[in-house]
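S.K.: With the hints as extra help, turn the sequences into a complete structure.
For the record, the sequence lines run as chains A and B. Residue 0 is where the first sequence starts when you use numbering that gives the first Met the number 0, and the numbers rise one by one after that. Residue 0 is where the second sequence starts when you use numbering that gives the first Met the number 0, and the numbers rise one by one after that.
Hints should not be assumed to be uniformly reliable.
[Claimed, not checked] As a list, the in silico DSS-like pairs of lysine-lysine whose alpha-carbon atoms are at most 27 Å apart:
| no. | chain 1 | residue 1 | chain 2 | residue 2 |
| --- | --- | --- | --- | --- |
| 1 | A | Lys122 | B | Lys11 |
| 2 | A | Lys120 | B | Lys5 |
| 3 | B | Lys31 | A | Lys86 |
| 4 | A | Lys61 | B | Lys5 |
| 5 | B | Lys5 | A | Lys122 |
| 6 | A | Lys45 | B | Lys11 |
| 7 | A | Lys86 | B | Lys71 |
| 8 | A | Lys13 | A | Lys128 |
| 9 | A | Lys86 | A | Lys128 |
| 10 | A | Lys18 | A | Lys86 |
| 11 | B | Lys75 | B | Lys31 |
| 12 | A | Lys13 | A | Lys73 |
| 13 | B | Lys11 | B | Lys43 |
| 14 | A | Lys86 | A | Lys8 |
| 15 | A | Lys120 | B | Lys11 |
| 16 | B | Lys31 | A | Lys8 |
| 17 | B | Lys54 | B | Lys11 |
| 18 | B | Lys11 | B | Lys31 |
| 19 | B | Lys11 | A | Lys147 |
| 20 | A | Lys18 | A | Lys46 |
| 21 | A | Lys8 | B | Lys71 |
| 22 | A | Lys71 | B | Lys43 |
| 23 | A | Lys46 | B | Lys54 |
| 24 | A | Lys128 | B | Lys38 |
| 25 | A | Lys122 | B | Lys71 |
| 26 | A | Lys86 | B | Lys38 |
| 27 | A | Lys128 | B | Lys54 |
| 28 | A | Lys18 | A | Lys61 |
| 29 | A | Lys128 | B | Lys71 |
| 30 | A | Lys147 | B | Lys5 |
[Unchecked claim] So the derived list for chain B, only partly shown, Cβ under 10 Å to chain A, looks like this:
| no. | residue |
| --- | --- |
| 31 | Gln3 |
| 32 | Tyr7 |
| 33 | Ser10 |
| 34 | Ser14 |
| 35 | Ala35 |
| 36 | Phe59 |
| 37 | Glu64 |
| 38 | Ile65 |
| 39 | Leu77 |
| 40 | Ile81 |
If you are wondering where the hints come from, they were derived from the structure by calculation, not from laboratory data. Owing to the predicted nature of the structure, the values given are computational and were not obtained by experimental measurement. Note that beta-carbon positions come from the ideal geometry of N, C-alpha and C, so glycine has one too.
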Amino acid sequence: MTLHTALIKTEEEKISSEKAKKFILSEKNGAESIFVGRVRNENSGKKVTAVTYDVHDQAVIKSFQSICNDAKSKFDKSASIFLEHAKGYVSVGEISILIAVSSGHRDEAFKICRYILEEIKHKSPIWKKEHYIEGNEEWLPGYSLRPKEEIK
Amino acid sequence: MEIQLKLYGSSKMLSDKEILNVELPNNSNIEKLRIALSKIISQKYLKNNLQNLSKTAAFFSQEDEIINDNYKLKDKELISIIPPIGGG
Numbered sequence: 000m001t002l003h004t005a006l007i008k009t010e011e012e013k014i015s016s017e018k019a020k021k022f023i024l025s026e027k028n029g030a031e032s033i034f035v036g037r038v039r040n041e042n043s044g045k046k047v048t049a050v051t052y053d054v055h056d057q058a059v060i061k062s063f064q065s066i067c068n069d070a071k072s073k074f075d076k077s078a079s080i081f082l083e084h085a086k087g088y089v090s091v092g093e094i095s096i097l098i099a100v101s102s103g104h105r106d107e108a109f110k111i112c113r114y115i116l117e118e119i120k121h122k123s124p125i126w127k128k129e130h131y132i133e134g135n136e137e138w139l140p141g142y143s144l145r146p147k148e149e150i151k
Numbered sequence: 000m001e002i003q004l005k006l007y008g009s010s011k012m013l014s015d016k017e018i019l020n021v022e023l024p025n026n027s028n029i030e031k032l033r034i035a036l037s038k039i040i041s042q043k044y045l046k047n048n049l050q051n052l053s054k055t056a057a058f059f060s061q062e063d064e065i066i067n068d069n070y071k072l073k074d075k076e077l078i079s080i081i082p083p084i085g086g087g
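M.R.: Okay, here's the thing in structure tokens:
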């Protein structure tokens, strides 16, 4: 198996880079690239305490698999990919996304990692609600999936 | 007719429940749903930065496929509203 994708309910489990490293380990692949995204404590001058991730479970998993398979076809069919994204309440400093890739060579490993991250932002139905130190909260703007020809 | 709208992201501000029931004229399509949503938002939720939601949202069928503005809705059909996304 060379592909693992999952949504992790953070109240029950944490995203683990150790699990990712084990999964992508392969004697065929000499290069590994790991991207870890964490919730940061500031956004646009506001002090952030946590982010709640809302997700459309089935559509997200479908999109993750499609994006990862596209990445393999584009860059390296032998790549191993581990992708997990948090859902639910994630405090500052905790992991929101982890992408781990092993590939034959470093260039492909870096490219696959970057490709997956950028595609998720434009294709996977995931939403962020930021929680601020003052106690208020806000849904963040994002990328519309509405067919472009319909937007007047 | 009435449709059931499963709420995600910022559209969750429209209701405390996961599903919002929306009354529509018979034989409505997604375009009519956008008009109905726009009215609901302008009557009740202007302060919540939802003004553009009826224009920017996409909609998913129960098969998780994007449905376009001409899609004919059925009475009691369950569809998902997909506000602009931003994971990662």
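S.K.: Hint by hint, which ones does this structure get wrong, listed from lowest number up?
M.R.: Hints 3, 7, 12, 16, 20, 21, 22, 23, 26, 29, 31, 34, 35 and 39 are the ones this structure does not satisfy, whereas the remaining hints hold.
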